[in-house]
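Protein chains in written order, with numbering that gives the first Met the number 0: chain P, 0 to 346; chain H, 0 to 346.
Be aware that a few hints might be false.
All copies of an identical chain are treated as equivalent in the list; a pair is satisfied when it fits inside any one copy or across any two copies.
[Unchecked claim] Mimicking DMTMM-like on lysine to aspartate or glutamate, the simulated pairs with C-alpha atoms at most 20 Å apart in a straight line are:
| no. | residue 1 | residue 2 |
| --- | --- | --- |
| 1 | Lys145 | Asp239 |
| 2 | Lys37 | Glu23 |
| 3 | Lys175 | Glu26 |
| 4 | Lys175 | Glu311 |
| 5 | Lys37 | Asp56 |
| 6 | Lys175 | Glu23 |
Calculated from the structure, these hints are not laboratory results.
2 protein chains.
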Amino acid sequence: MNKLSTLLVGFGVVGRGFTELLLESREVLANRFGVEVKVVGICDLKWGTIINEDGLDLKRALSIVEGGRRLDIYDLPAKRDLSNLEAIRETASDTVVEVTWTNIETGEPGLTHIREALNMGKNVATTNKGPIALAYRELMSIAKAKNVKLRFEGTVLSGTPTFNLRWYCLAAQEVKAIRGIVNGVTNFILSEMESGISYEEALRKAQELGYAEADPSLDVDGWDAAAKTAILANVLMGADLKPQDVKRRGIRGLTVREVLDAMKRGFKIKLLAEISRNGGSLSARVSPELVPLTDVFASVSGVLNALRFETEALGEVTIIGAGAGGKPTGYALLNDLLDIANALPRR
Amino acid sequence: MNKLSTLLVGFGVVGRGFTELLLESREVLANRFGVEVKVVGICDLKWGTIINEDGLDLKRALSIVEGGRRLDIYDLPAKRDLSNLEAIRETASDTVVEVTWTNIETGEPGLTHIREALNMGKNVATTNKGPIALAYRELMSIAKAKNVKLRFEGTVLSGTPTFNLRWYCLAAQEVKAIRGIVNGVTNFILSEMESGISYEEALRKAQELGYAEADPSLDVDGWDAAAKTAILANVLMGADLKPQDVKRRGIRGLTVREVLDAMKRGFKIKLLAEISRNGGSLSARVSPELVPLTDVFASVSGVLNALRFETEALGEVTIIGAGAGGKPTGYALLNDLLDIANALPRR
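Could you build all of it, start to finish, from the sequences and the hints given here?
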């Protein structure tokens with residue numbers, strides 16, 4: 000049995016979605032892949048820290064936090080009172096799952112967590128966009144030097160295959176361009192506006208459903224999409240961009256009239272991320288674009304995401320799927336851990 | 000350098016598409032993947048056989064056959080006068096690329112070629128639907144016993160990722176259902192009929208463009224889709240079906256009125272392959288279905304193909320891309336060879 004001794008840093012929606020999935024998948028992981036993922040620590044600024052090198056009772060940890068209480072009341076043997084960084088340093092885990100909150104200006108605290116874990120010779124799986132958007136090259140070079148793996152499938156399109164699709168399935172292809180709908184909140188708002196309601200009303204609905212934050216600027220001003228665009232450009236097209244370097248226009252201020260007029264003329268308005276190579280230079284931008292109703296992108300509605308790779312021999316390949324959510328994003332981490340354990344593929 | 004010594008059996012559209020791609024990709028294969036694919040033989044019932052264990056001049060072979068002449072006039076040292084089967088037996092190749100024509104009733108001659116190659120301890124990459132639809136289990140068990148690999152990414156959706164998508168990117172997921180548009184000819188005909196032309200007219204256009212055969216029954220009666228459905232069911236959902244076991248209804252006899260009426264009511268008619276599990280039993284069928292205009296499948300037009308995996312944690316993941324063509328199908332073989340050479344992934 001291939002054992003991963005794992006420290007989970009971050010116990011929010013994604014951390015808990017991953018944990019649930021891990022509980023559901025234990026038998027499949029063991030029987031089909033020969034992999035055991037032992038969680039030896041959970042730490043979260045809000046919920047507290049519990050560490051036990053023999054493995055934690057994940058069901059108990061989940062039920063405590065889902066009951067709104069801190070992990071302090073976990074009633075089995077565990078070390079507590081360690082900060083996130085101390086936990087990374089002081090546990091004997093070989094793998095760190097980093098799923099704290101995203102900050103695309105500084106990448107912190109995730110960036111420090113990941114850098115520290117890699118420097119200590121631990122593998123890292125993360126869905127945290129900030130560190131990968133801001134420091135992909137630095138982090139990959141630490142991983143290489145330390146002979147460990149850094150995986151981040153869930154940073155774009157949650158668990159819907161993105162990087163693995165390119166690396167495993169479109170391997171011997173140059174990617175000439177990437178276009179996509181990579182932000183679910185704005186796509187939801189635009190889809191709602193197609194039924195004739197205003198931007199403000201659609202945003203309110205997105206907030207009520209828990210899709211959009213109270214301050215929606217990261218989504219509606221295109222910052223989230225710009226971070227994902229930077230990640231795609233840097234990882235898959237050899238660029239070296241920060242989210243700030245991506246030309247960016249969001250959907251704030253778009254009127255329902257513009258949306259409906261576009262539809263009358265045979266188009267939908269979609270917030271597209273676009274990266275393309277023109278000769279030696281690479282352009283990367285996020286902006287609301289007219290998409291013909293005959294284009295598959297036009298029927299990617301609500302919180303769905305989509306990504307299209309333009310390649311030489313195969314032409315265009317488009318993948319469509321979930322772009323957010325605890326379990327879909329947690330799923331990316333599970334696939335990353337199988338990759339870290341060298342357990343892929345299992346036919 | 001990881002060298003594959005390869006015998007190419009079949010030099011039709013796919014065999015030549017693969018060969019062109021190989022020529023274009025040589026540097027990428029060597030520099031990025033450390034793989035050299037040396038073609039030591041080409042054999043084709045129509046074009047003849049040339050074998051040289053030191054490697055053939057692929058450009059020369061291509062230009063001869065594209066000029067409409069037999070490989071007999073290849074003017075470099077080569078063994079000739081071997082049948083396909085003799086070539087498989089008598090060349091020292093470690094890998095056979097099998098791309099002869101498809102027969103979904105007997106699987107021949109591909110089935111015998113593949114069985115023989117595997118039994119001799121050679122890896123096989125194929126895009127030939129017949130053998131995989133009819134004898135997947137038998138062939139996989141030979142491959143296992145001989146410790147070689149059998150890959151067939153191009154049998155469904157040409158080079159658009161299908162099996163690799165499931166094995167590498169959706170690994171730890173049960174697949175609950177698969178639905179898709181897996182036949183380009185019928186999808187082209189249906190798309191044409193949406194503009195108001197008759198089935199007969201649309202079929203003629205498909206024939207003029209070289210998409211459909213003079214006898215179109217394999218496509219329009221759903222046999223091609225049924226073979227792909229059997230492959231998907233057997234390989235990805237544990238079934239043991241022959242193409243004949245798939246419930247099948249084609250598009251012959253469909254009227255333009257039905258197509259236009261459906262559109263008025265907000266639907267398109269698509270020939271769908273559908274495999275789903277209901278409790279312990281598995282149902283597999285091919286039939287023209289009403290697809291809502293809001294469904295992504297409705298905007299998959301012309302010869303494009305699409306496949307949707309329904310999974311527990313991730314929900315639905317849909318991939319859309321080329322379903323046929325020399326280069327797209329040849330691309331599947333190239334990815335299969337990288338897989339055979341254990342060269343995936345290259346990040």
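Evaluated hints:
For the identical chains of this complex, Lys145 and Asp239 are neighbours neither inside a copy (22 Å) nor across copies (46 Å), given an alpha-carbon limit of 20 Å. Taking the closest pair of Cα atoms, Lys37 and Glu23 come within 20 Å of each other only inside a single copy of the chain (14 Å); across copies the shortest separation is 46 Å, beyond that limit. Taking the shortest alpha-carbon separations for Lys175 and Glu26, only the inter-copy value of 17 Å comes in at or below 20 Å, while the best intra-copy value is 41 Å. Proximity of Lys175 and Glu311 under a CA criterion of 20 Å is satisfied intra-copy only: 7 Å inside one chain copy versus 33 Å between copies.
Taking CA atoms no more than 20 Å apart as the test, Lys37 paired with Asp56 passes inside one copy only; the shortest distance there is 10 Å, against 54 Å between copies. Proximity of Lys175 to Glu23 under the C-alpha cut-off of 20 Å is restricted to the inter-copy arrangement: shortest distance 16 Å between copies versus 39 Å within a copy.
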